[in-house]
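Residues are numbered in my numbering as their position in the sequence shown, beginning at 1, plus a constant of 2.
These are computed hints drawn from the structure, not numbers from a lab.
One should not assume that every hint holds.
Distance condition first, Cα-Cα at most 16 Å in a straight line; then the derived EDC-like pairs of lysine to aspartate or glutamate [claimed, not checked]:
1) 74 / 17
2) 32 / 17
3) 32 / 52
Estimated spans, in silico, between C-beta atoms of each pair [as the list claims (entries may be wrong)]:
4) 68 / 27: 43 to 49 Å
5) 62 / 97: 39 to 45 Å
6) 62 / 35: 17 to 23 Å
7) 15 / 73: 46 to 52 Å
8) 34 / 78: 21 to 27 Å
9) 83 / 49: 21 to 27 Å
10) 53 / 31: 14 to 20 Å
11) 67 / 101: 56 to 62 Å
12) 45 / 65: 29 to 35 Å
Ideal placement from N, C-alpha and C gives every residue a C-beta, glycine not left out.
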Amino acid sequence: IKDITVEGALTAILDMEDSVAAVDAEDKSKVYRNICGVFRGSLEAPFVKDGQQMVRRANRDVWYRDERGDAKMLPGRVVCLVRNVGHHMFTDMVLTQDGRTVP
3 IKDITVEGAL TAILDMEDSV AAVDAEDKSK VYRNICGVFR GSLEAPFVKD GQQMVRRANR
63 DVWYRDERGD AKMLPGRVVC LVRNVGHHMF TDMVLTQDGR TVP
């Protein structure tokens, strides 16, 4: 064994709690944009730690070769489970032809 990599979580819940955090079309589009960034592995979050500017980002996929020399890949991210509970609510994100919200 050359290297051992340990992952702390196999799955993660991405909670799109619309009734609290994303109540209008602008908020919902931000949530969906972030979810797409998680799926693509392109989401980044800049922050400052101990006075230094840093960027938190998803791990890349890990490529290696097995004992036969075949290329194998381990995902750098967990399996994401998306929980969207607000789809039953009225929203200005989807409108009828006459401009009313869709129930």
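Checked hints:
no., hint, result
1, 74 / 17, "31 Å, violated"
2, 32 / 17, "13 Å, holds"
3, 32 / 52, "29 Å, violated"
4, 68 / 27: 43 to 49 Å, "48 Å, holds"
5, 62 / 97: 39 to 45 Å, "40 Å, holds"
6, 62 / 35: 17 to 23 Å, "21 Å, holds"
7, 15 / 73: 46 to 52 Å, "31 Å, violated"
8, 34 / 78: 21 to 27 Å, "22 Å, holds"
9, 83 / 49: 21 to 27 Å, "25 Å, holds"
10, 53 / 31: 14 to 20 Å, "34 Å, violated"
11, 67 / 101: 56 to 62 Å, "59 Å, holds"
12, 45 / 65: 29 to 35 Å, "21 Å, violated"
The structure does not agree with the numbered hints 1, 3, 7, 10 and 12 stated previously, though it agrees with the rest.
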